[in-house]
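Chemist: Heads up: the sequence lines are chains Z and H, in that order.
For the first sequence, position 204 (counting from the first letter as 1) is numbered 203 according to numbering that gives the first Met the number 0, and the numbering increases by one without interruption.
For the second sequence, position 213 (counting from the first letter as 1) is numbered 212 according to numbering that gives the first Met the number 0, and the numbering increases by one without interruption.
One or more hints might be untrue.
[Claimed, not checked] Straight-line alpha carbon distances no greater than 20 Å define the calculated SDA-like cross-link-like pairs of lysine to any residue that follow:
#1 K111/H - R61/H
#2 K217/H - H239/Z
#3 K217/H - D195/Z
#4 K254/H - A209/Z
#5 K217/Z - E167/Z
#6 K98/H - K217/Z
#7 K217/Z - K217/H
#8 K111/Z - P30/H
#9 K176/Z - A18/Z
#10 K33/H - S54/Z
#11 K131/H - P122/Z
#12 K33/H - I121/Z
#13 K197/H - N244/Z
#14 K111/Z - I121/Z
#15 K217/Z - H239/Z
#16 K176/Z - S54/Z
#17 K212/H - Q203/Z
#18 K197/H - I193/Z
#19 K33/H - K134/Z
#20 K217/Z - D195/H
#21 K33/Z - R110/H
#22 K197/Z - I249/H
#23 K33/Z - M118/H
#24 K33/Z - E167/H
#25 K212/H - P198/Z
#26 K217/H - A191/Z
#27 K217/H - H196/Z
#28 K217/Z - R159/H
#29 K254/H - N244/H
#30 K197/H - D89/Z
#31 K254/Z - H206/Z
#32 K217/H - N255/Z
#33 K134/Z - K156/Z
#34 K197/Z - A269/H
#35 K197/Z - I237/H
#36 K212/Z - F236/Z
#37 K134/Z - P122/H
In short, the hints are calculated from the structure, not lab data.
What follows is each chain in one-letter form.
Number of protein chains: 2
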Amino acid sequence: MKVAFQGERGAYSEEAIIAYLGESVDPVPRPYLKDVFDTVEAGGADSGLVPVENSIEGSIVRTYDLLNERTLKAGGESVHRIAHCLITNDGVELKDIKKVYSHPQALGQSRKFLDEHNMDAIPSYDTAGSVKMIKNLGSKDSAAIASGRAAQVYDMKILRRGIETHSENYTRFLLVKPEDHDATGNDKTSIAFIVDHKPGSLYQALHAFAESKINLTKIESRPMVGTPWEYIFFIDFIGHRTDTNIIEAIEGLSKNTRSVKILGSYPQAA
Amino acid sequence: MKVAFQGERGAYSEEAIIAYLGESVDPVPRPYLKDVFDTVEAGGADSGLVPVENSIEGSIVRTYDLLNERTLKAGGESVHRIAHCLITNDGVELKDIKKVYSHPQALGQSRKFLDEHNMDAIPSYDTAGSVKMIKNLGSKDSAAIASGRAAQVYDMKILRRGIETHSENYTRFLLVKPEDHDATGNDKTSIAFIVDHKPGSLYQALHAFAESKINLTKIESRPMVGTPWEYIFFIDFIGHRTDTNIIEAIEGLSKNTRSVKILGSYPQAA
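The following block holds chain Z by itself, in its conformation from the complex:
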């Protein structure tokens, strides 16, 4: 099974694919999120695993936008713990390290460790790409911060695992594919809807959900690009789109909004 992801070989998304779907999966790296959707739509992969939110950095709204624009559905969910690893060439010890390369977010999240060990943080465009770079340079006085998977992919050494300041660092991913998932009894659904930008419009839109006692797990709003008086909302909630109370709530929502699109139903992550 081929599963596309955004990033270089060894990215956290690739690590999440293996943790979610097992070692037998064939991960397909693609440079941009949009390419992940293109590749799955063109049949170059069976599905794609795309990030939707991180517990520290927030939502990746590009993913919701793409789900809204494209025909692919959200058919699975995975929550992956982000454990930053300090990765070096063989023979390098902690005391040898002067410079540490990684994406600015990973450097920022590991700042306490870097400060305590007097290491200089050097921003780079990518976590896994930093591992590849110090490998190619054969550097003996530098390290990279990336996933454990990156060390495996590039055959490098993990000197420390879990150097992030806050261990509560999770990224939530959705599996995108041509069809969503059948009901399992423990499901979530993602939808998008558009409301007029006027007092009370969101409150009215949510009325049907409160009536049907549906538990919202996420709500995100943004202005519609190009139409300043409309807002698009992305909402996740517990339940499957074929459940009676969900069908009723979406009918109610449709009366109070300009448009509703079901992005998919999927088994809830553990």
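Add chain H to chain Z, keeping to what the hints say.
Modeler: Below, chain H alone, put in the same frame as chain Z:
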């Protein structure tokens, strides 16, 4: 007046400071968002200009988190159009350019232009940092994508202005400082509040706002790190925290939520 921002000299945030507050301001570059707050709190700058959302990439929730954790207030708002410039050394023409360096978001947003001109996109950690790099290399076959301000700061040439695929690319900034802004009659307010993760809790929380006919302009939710059954919401709305209907709504909200924090009131951006 010193105004801190996150990024290198020539970053879009610096360009936004000049557009918002004028050429006489002294911009103070800081590596991380957290440093911007630290610098202002320590008196190293009078205020900081920090991004909260981009029309394409979405919210920068780190900023809302910092406003919630720290004592600084949101006391101003600015919406800045992001126009990506193709920047080169002197004497370089469009036909000479083989490689283009920039942050992956800027490369992604300029992809149509790069594809049409057969230019290779090379990801880098920073937009303005890419300009500095090709200047230092004296490169004659490469360009960087960054703000017009970056070309000015590093004394480089703007070969094309506005190469982004979608021109509706805006970033909204908040001015953070020790006190927020007095009422002007055309204000916005940002607040944070925490609700239990149960059906209808957001709907109940929003009741007071719908009653008082307050126009919400943004809503953003995320799980509380470490307490999985609570959610924090960040809401922006029209009005000043000293307006009678706002005072009433926040009183009503306080009855239905675990905690409410006013992040600041400020004149609405044009």
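Chemist: Just pull the numbers of the violated hints for me, sorted ascending.
Modeler: 1, 2, 6, 16, 18, 19, 28, 30
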